[in-house]
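Starting from the given sequences, assemble the full structure and let the hints guide the process.
Number 109 in full-length UniProt numbering belongs to position 109 of the sequence shown; there are no gaps in the numbering.
Careful: at least some of the hints might be erroneous.
Unchecked claim - Subject to a maximum C-alpha distance of 25 Å in a straight line, what follows is the list of computed DSS-like cross-link-like pairs (lysine-lysine): (1) K218 - K130; (2) K127 - K218; (3) K127 - K162; (4) K320 - K94; (5) K162 - K94; (6) K320 - K302.
Claimed, not checked - Beta-carbon label-pair distances, calculated as ranges: (7) R359 - R165: 17 to 27 Å; (8) R359 - D163: 39 to 49 Å; (9) N358 - T141: 23 to 33 Å; (10) K162 - K304: 33 to 43 Å; (11) S129 - K218: 15 to 25 Å; (12) T141 - R93: 20 to 30 Å; (13) K127 - R360: 40 to 50 Å; (14) C338 - K302: 35 to 45 Å; (15) C338 - R359: 25 to 35 Å; (16) K302 - K162: 35 to 45 Å; (17) D199 - N358: 36 to 46 Å; (18) K215 - K304: 34 to 44 Å; (19) R334 - R299: 19 to 29 Å; (20) R165 - K294: 36 to 46 Å.
Calculated from the structure, these hints are not laboratory results. Even glycine gets a Cβ: it sits at the ideal position worked out from N, Cα and C.
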Amino acid sequence: MGSASSASRSLDSTPPDLQDKNDNHESSEQPPHLPHQPKASSPLAAVLVAGSNNRSPNHHLPHHPRIPSPLSTVSLPGSKVPDSYIYSTCTGRKRALIIEINPNPPGIYCIDIPRITALLIDGYGFKLSKMRIMKAQYNKTTRGDMQPTRKNIIRSMQWLVKDARPNDSLFFFYSGHGEQMKDYGGDELDGYDECLSIDDTAFVVDDEIHELLVKPLKPGVRLTALINACHSGSMLDLPYMYSPACEKHLIAAQDHREYPGTVRSSMTTTATALDERTSPADVVVWSSCHDSGKSYGMRTSKEKGTGLFVQAFLTALALKPKQSYGQLLNSINRELSCMRYKKLQSPRLSCSHPLDTNRRFFM
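Shown next, in the form of C-alpha cells:
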C-alpha cells in the first residue's frame, strides 16, 4: 500500500449541509437483487441460501422482541469512565451505513452488500430509505457523494450518528482492506494504529473512527458494527474485547488489547486500561479477526465471492437466530473453523462497556 502519512490528516470539518440532504438520494441505490434461489422459510435462511448452494437452514426468525422492561443500567468502576451505561432496546429509529471496497480480483463480484442489506431489512426491520450504500467494485462503483472516498466516508459516518437518540439502532458495515500503521499518538499498547484502507493513499484510522462513530453517541444509543477486514480486532478503539472461549491460551499473543481473564458465557473477557475509550452508549463491534490477523474470502460460485467472516456470521444466525452474544461469537468461530482451510482467522467482539454476554443479540 502507499504511504501511511495521509492517515494522520485531521478530520474533515463537518459540512454545513450535514442534515439528510442525502436522505433524498440515499435510496437511489436500488434494493440489491439476490440471485434466484429456492424459497427459504426464514429471512436469515434466505440470506444464507442466496450466498451458498450447499446449505439451506430452515429455522424461523421472528421479529426481534420489544423489550418491555426499563433500560438496564450498570455501574462502572474507575474515575475516568461514566458512572453508568445504558443498554438500548433498539426500538427507536434505525439507520445503516454499508461500505464495500472490493478486494477481490477482476471478474469476482462480491455479494456482501445484498446479503447484509437483506439481513437488516428482513431480519431486523431496517428500511432501505434509511441506508447509505457505498461500494467500489471492478464493474460498478457508486458515484457522487456515495463514492467511497475518504471524504465521503467521513461525511457518511457523521450522517450515521447525527441526532441519534436513546433506543435508536445504528449499523455500520465495512468490507475491504484493513491495515496497521505506526502509532504516533501513544495510545496503542502495541505501537500500531489499525485503519480502513480506502485506496493506496487514503486511510481512516481507528482513532478517527472512534471520534466519528462512538464519541458523539448518547447513553442508550446502540451502534452495531460488522468489520470484515484484516487487522480489524480493535478498529473502533473500544476498551473491552471478547474472544472465543477456545482461544484463551492464544489471547496474549494475538491481541495487544487482550489478556487472560475470567470466563463468562463460555468466553474469555478482558479489559484494557484505556478507560477514556469507554462510552455511555451501547456500542458493539463484530470483527473478522484480531489486530495482527488476516481476513480471508471465499467463492460462492464461479463469478461471486464473499468474506469468510460474513458467511460465518450469516450462517451462525441462520442456524440459530436466538443466540446470546457469547453463543453467537462462539458459533461464528466454529463456522470459520470449518471454512478457513487451515488459515488462521479468529473473530473478535469488542464493546464500549462491559457486556453481559448472556444477553440476546438483536439490533
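### Query
Are the Cα positions of K320 and K94 separated by 25 Å at most?
23 Å, holds
### Task
Could you see if the CB distance from R359 to R165 stays within 17 to 27 Å?
21 Å, holds
### Message
Hinted pair, alpha-carbon criterion (25 Å max): K320, K302. Please report holds or violated.
### Response
29 Å, violated
### Task
For the range 35 to 45 Å, tell me whether the beta carbons of C338 and K302 fit it or not.
22 Å, violated
### Message
Given the hint of 36 to 46 Å, is the C-beta distance from R165 to K294 inside that range or not?
### Response
With a Cβ separation near 38 Å, R165 and K294 satisfy 36 to 46 Å, so the hint holds.
### 25 to 35 Å as the expected CB spacing between R359 and C338, which holds or is violated
26 Å, holds
### Query
How does the Cβ-Cβ distance of T141 and R93 compare with 20 to 30 Å: does it lie in that range?
29 Å, holds
### Message
39 to 49 Å was suggested as the range; check whether the CB atoms of R359 and D163 agree with it.
### Response
26 Å, violated
### Verdict for D199, N358 (Cβ pair) under range 36 to 46 Å
At roughly 42 Å between Cβ atoms, N358 and D199 fall inside 36 to 46 Å, so the hint holds.
### Task
Measure nothing beyond the straight line between the CA atoms of K218 and K130; if it is 25 Å or shorter, mark the hint as holding.
20 Å, holds
### Query
Is the Cα-Cα distance between K127 and K162 25 Å or less?
17 Å, holds
### Query
How does the Cβ-Cβ distance of K162 and K304 compare with 33 to 43 Å: does it lie in that range?
34 Å, holds
Figure legend: structure checked against the earlier numbered hints; hints not met, in rising order: 6, 8, 9, 13, 14.
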